[in-house]
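Visitor: Residue numbers (the UniProt record's numbering), protein chains in the order written: chain A, 1 to 238; chain B, 1 to 183; chain C, 1 to 455.
It should be emphasised that the hints constitute simulated quantities derived from the structure, not laboratory data.
All of these numbers come straight from a predicted model, not from anything done at the bench.
Do not rely on the hints blindly, as some may be mistaken.
[Claimed, not checked] Here chain A is said to cover these stretches of chain C; the calculated rule only asks that three of the stretch's residues, wherever they fall, bring their Cβ under 8 Å from a Cβ of chain A:
| # | segment |
| --- | --- |
| 1 | 36-42 |
| 2 | 266-273 |
| 3 | 329-340 |
| 4 | 381-387 |
[Claimed, not checked] Taking lysine-lysine and the DSSO-like style, the derived pairs with C-alpha atoms no more than 27 Å apart in a straight line are:
| # | chain 1 | residue 1 | chain 2 | residue 2 |
| --- | --- | --- | --- | --- |
| 5 | C | 344 | A | 143 |
| 6 | C | 344 | C | 12 |
| 7 | C | 158 | C | 33 |
| 8 | C | 244 | B | 9 |
| 9 | C | 244 | B | 19 |
| 10 | A | 219 | C | 343 |
| 11 | C | 197 | C | 273 |
| 12 | C | 273 | C | 344 |
| 13 | C | 395 | A | 84 |
| 14 | C | 197 | A | 219 |
| 15 | C | 366 | B | 15 |
| 16 | A | 108 | A | 28 |
| 17 | C | 382 | A | 84 |
| 18 | C | 343 | B | 9 |
| 19 | B | 15 | C | 84 |
| 20 | C | 33 | B | 19 |
| 21 | A | 143 | C | 36 |
[Claimed, not checked] With beta-carbon atoms standing in for the labels, derived distance ranges:
| # | chain 1 | residue 1 | chain 2 | residue 2 | range |
| --- | --- | --- | --- | --- | --- |
| 22 | A | 34 | C | 395 | 26 to 36 Å |
| 23 | C | 3 | B | 70 | 35 to 45 Å |
| 24 | B | 183 | C | 276 | 30 to 40 Å |
Even for Gly, the Cβ is constructed at its ideal location relative to N, Cα and C.
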Amino acid sequence: MRVALFVPCYIDQFYPQVAIASLELLEKLGCEVTVPAQQTCCGQPMANSGFAHITGGCDTNFETNFSGFDYIVGPSGSCVLHLKEHHPDAKIRASVYEICEFLVDVLKVKSLPAYFPHKVGLHQSCHGQRGLRISSMTELNEKPFSKLTYLLDLVEGCEWKYPERQDECCGFGGTFCVTEEAVSVKMGQDRIQEHQANEVEYIVGADTSCLMHMEGILKRSASNVGVKHIVEILNAHA
Amino acid sequence: MSSREEIIKALQEVKVPAKAYPGAFTAQVIGEDTLADFLYSMQVVSTTVIQVKEAADASPALDKHFPNMERVHLNPLADGLSLADIDVLEIEGDFGVAENGAIWLDDSNLPHRVAPFICQHLVIYLSQNNLLPTLQEAYIRLGDKQTGFGVFLSGPSKTADIEQSLVIGAHGARSLVVVLTEC
Amino acid sequence: MHMLSHAEASEKFIANQERTDWHDDTLWFVRAKRDKASKLLPEWEALREQASQIKEHMLSNLPQYLLEFEANAQANGVQVHWAKDAHEHNEIVYSIIQKHGDKALVKSKSMLTEECHLNAYLEQRGIDVVDTDLGERIVQFRKEVPSHIVLPAIHLKKEDVGETFHQHLGTPKGNKDPQFLTEAARIHLREKFLEAKVAITGVNFAVAETGEFVVCTNEGNADMGAHLSDVHIACMGIEKIIPKRQDLGVFLRLLARSATGQLITTYSSHFAKPRAGQEMHIVLVDNGRSRQLARDEFRNSLKCIRCAACFNTCPVYRRSGGHSYHQPVAGPIGSILAPNFDKKANVDLPFASTLCGSCSNVCPVKINIHEQLWFWRQDLMKEGLAPAGKVLGMKFMAWMMANPTIFRMAGGMGRKVMNWFPFLVNNGLNPWYKQREMPAPPKQSFQEWYKSNRL
Chain A
1 MRVALFVPCY
11 IDQFYPQVAI
21 ASLELLEKLG
31 CEVTVPAQQT
41 CCGQPMANSG
51 FAHITGGCDT
61 NFETNFSGFD
71 YIVGPSGSCV
81 LHLKEHHPDA
91 KIRASVYEIC
101 EFLVDVLKVK
111 SLPAYFPHKV
121 GLHQSCHGQR
131 GLRISSMTEL
141 NEKPFSKLTY
151 LLDLVEGCEW
161 KYPERQDECC
171 GFGGTFCVTE
181 EAVSVKMGQD
191 RIQEHQANEV
201 EYIVGADTSC
211 LMHMEGILKR
221 SASNVGVKHI
231 VEILNAHA
Chain B
1 MSSREEIIKA
11 LQEVKVPAKA
21 YPGAFTAQVI
31 GEDTLADFLY
41 SMQVVSTTVI
51 QVKEAADASP
61 ALDKHFPNME
71 RVHLNPLADG
81 LSLADIDVLE
91 IEGDFGVAEN
101 GAIWLDDSNL
111 PHRVAPFICQ
121 HLVIYLSQNN
131 LLPTLQEAYI
141 RLGDKQTGFG
151 VFLSGPSKTA
161 DIEQSLVIGA
171 HGARSLVVVL
181 TEC
Chain C
1 MHMLSHAEAS
11 EKFIANQERT
21 DWHDDTLWFV
31 RAKRDKASKL
41 LPEWEALREQ
51 ASQIKEHMLS
61 NLPQYLLEFE
71 ANAQANGVQV
81 HWAKDAHEHN
91 EIVYSIIQKH
101 GDKALVKSKS
111 MLTEECHLNA
121 YLEQRGIDVV
131 DTDLGERIVQ
141 FRKEVPSHIV
151 LPAIHLKKED
161 VGETFHQHLG
171 TPKGNKDPQF
181 LTEAARIHLR
191 EKFLEAKVAI
201 TGVNFAVAET
211 GEFVVCTNEG
221 NADMGAHLSD
231 VHIACMGIEK
241 IIPKRQDLGV
251 FLRLLARSAT
261 GQLITTYSSH
271 FAKPRAGQEM
281 HIVLVDNGRS
291 RQLARDEFRN
301 SLKCIRCAAC
311 FNTCPVYRRS
321 GGHSYHQPVA
331 GPIGSILAPN
341 FDKKANVDLP
351 FASTLCGSCS
361 NVCPVKINIH
371 EQLWFWRQDL
381 MKEGLAPAGK
391 VLGMKFMAWM
401 MANPTIFRMA
411 GGMGRKVMNW
421 FPFLVNNGLN
431 PWYKQREMPA
441 PPKQSFQEWY
451 KSNRL
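Could you put together the complete structure from these sequences and hints?
Guide: Written out as structure tokens, the structure is:
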């Protein structure tokens, strides 16, 4: 199984540990992983700002880097959703996966050699949840399920908690986080408060952008709650 | 060209892909027990239910419920305005809906349309043989009955427009009593 | 007067943190009630699908259904009027009032008349318009506009209402008890109902097959107005048509459950014929709807039944208040309707969202609201309505991301100066930094790590 690891631009630059954990985890599970060296960005920041009409170069570069693999896997629900919905190439759209859905749906992981003895608060990033249906949504009359909690339950020692509002947005929203700064930060503060009420050590999610936003707020208030991408936990060693 | 023609023309010029009418929707019956469901809904919509064998049996309970208040059983009353002074108005309901407590009233039960709204308190007599599980059955029952005015009424009037605090008795009746008869 | 953008108005709203939290919690509670009510119906999702399909079918046959409705309404003895735009709507309503020589009227809630600014139009002509929905009467006294289409005064606290009623109705100063204030409004408005010769109502649904229309309220104000008046004028957007009476069974099961978590509104009133001696008028209004119908991406916004479930679930709306949307219909649905009226004035609204998608999930007629927000963004930016700085930034970023070498180079510098990503400029002017820290820059990017460890 030839897997290309898609490392979103800001993860490459600011959160290399998330990409490293993704790479190690996929290899551990038997995938032959390639990291295309000339990859940059999926184009989402421009498209969600209303500039999808100028992302042609970005799309072409993505296609050049990621054609010919069985699967394209990335640790970011929102970037993957953008590609699935908007990339012009049908093969790209069909083969791109968010890493948790890839682990559950394609690799059908039943166990993980992971150990993480901490209490974590689970943040359900909207694009992964509502866009990719990584978990059920509280608005719908549907049977509850979650690929994230399924995976966290395979990790020894890890205790997870939902915040009181189980799937409310954190307020990152791409450029929304600066163009609507006041609302964005208030949304983030409110999410964090609910996680803190659960006395968690880390806020965990499958989208680094949400975590970056909440981490920024946590650090400003000198909180001792940290953030972690879920792959860092799934790849945590005993 | 009139505005009517202009609007119709503008709409006709838009090529909207055809979408078929989905056909009638069949409701799933929620509970097994329509009467129990109706009683539950009545509770949710702050309505008192008096269960009796026949209508006349309700008098003692109504006397107790509305002490020292005049109850008017609605006979044809000419003037809508004079209804404003009525304390308790009694009318017949056509049928009731278990899932939401709605009771159908129309011109055939209402000598004046404003009656169930303008009175201070309302009593509706309803036979428990005329309970339907959902609103969908209610519209089947209604069929193509021609009526000038009809209303599904569920509970007394209410509002929560001040800080979302529920207040019973907005512009319409301040309370509703349903007399549910066995026959 | 400079109209505040959504972001500017939100910042002012949020400055009062206690009130923002109250607003957020209160509307979240309404959303929670909606969740509970919807989950009691096993066929909820099928009902939404049915409602959506009925509305889509209606939109694909709108002129036929309008004509069918007109013919049936006329056969019922109702006078039907057609208005191309807001101005014509207001003229029609005014001419009916003038014919009867009245100076006062009672009006129940109608978002269409808000959209047409009917109150201002009539007041300029000496007509005293009395809004009779409690929330609308409160905001009318305060010379404000509704901040929510179902809960018009949700931006106010009971203290505010107490003070307003003290000034306008002479209630005792300091009395803020909702029960007492509601009773005061009941007494005040009963007088108005009994006096008024003309009543205006909105329309929730108009049935083509029967020519009847349905108006839903909890307070009973639409019925008090309509049944006591000599003239009843019902104003409706042309998209309010549904094909058959049986469809009401679908929509009325969805409407109140979605709006407030109620099983049904207290009154679902079906008006077909005027009562003896009464005149009944219906004004069918286009006002941009035929234009929206022609936009493939936005046509479905016309399915809306104005339940406001998308307001209550929207994390942005709950924390910014309805007035920040500077439109009669606020919230997510307002943000996809508004650009149809005026792109330039409403360019900020499709951006007043994180695209979280919750709005589309609660929508009882399955409007893809968050996708339409995305489409409006594309439409508005393509039309050149972005500030010059944003265009430059986006073009620069798109260029850089299409050129991997430049991206790597910029990244290498960027982790020190962080000026390549539009929201991560490390200086005091960057809104990111106002209340958030930057991510700590790592020594190596992932690609650098990969090169030194794996290649």
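Visitor: Are residue 244(C) and residue 19(B) close enough, with their CA atoms no more than 27 Å apart?
Guide: 16 Å, holds
Visitor: With the threshold set at 27 Å, check whether the alpha-carbon distance from residue 366(C) to residue 15(B) stays at or below it.
Guide: 22 Å, holds
Visitor: With the threshold set at 27 Å, check whether the alpha-carbon distance from residue 158(C) to residue 33(C) stays at or below it.
Guide: This hinted pair holds, its Cα atoms lying about 22 Å apart.
Visitor: Tell me if the beta carbons of residue 34(A) and residue 395(C) are separated by a distance inside 26 to 36 Å.
Guide: 31 Å, holds
Visitor: Within the assertion that chain A covers the segment 381-387 of chain C, do at least three residues meet a Cβ-to-Cβ distance smaller than 8 Å?
Guide: holds (count 3)
Visitor: Is residue 343(C) close enough to residue 9(B), meaning Cα to Cα at most 27 Å?
Guide: 25 Å, holds
Visitor: If I claimed the Cβ atoms of residue 3(C) and residue 70(B) lie 35 to 45 Å apart, would that claim hold in this structure?
Guide: 56 Å, violated
Visitor: Holds or violated: residue 344(C) with residue 12(C), Cα cutoff 27 Å?
Guide: 22 Å, holds
Visitor: Given the proposed pairing of residue 108(A) with residue 28(A), does the C-alpha separation stay at or below 27 Å?
Guide: 14 Å, holds
Visitor: Taking a Cβ-Cβ distance under 8 Å as contact, does the segment 266-273 of chain C have three or more residues in contact with chain A?
Guide: Our answer is that it is violated, as 0 residues pass the Cβ test (under 8 Å) against chain A, missing three.
Visitor: Return holds or violated for the Cβ distance of residue 183(B) and residue 276(C) against the range 30 to 40 Å.
Guide: For residue 276(C) against residue 183(B), whose Cβ atoms are near 34 Å apart, the range 30 to 40 Å holds.
Visitor: Residue 244(C) and residue 9(B): Cα distance at most 27 Å?
Guide: 23 Å, holds
Of the numbered hints listed earlier, those contradicted by the structure are 2, 3, 5, 10, 12, 14, 20 and 23.
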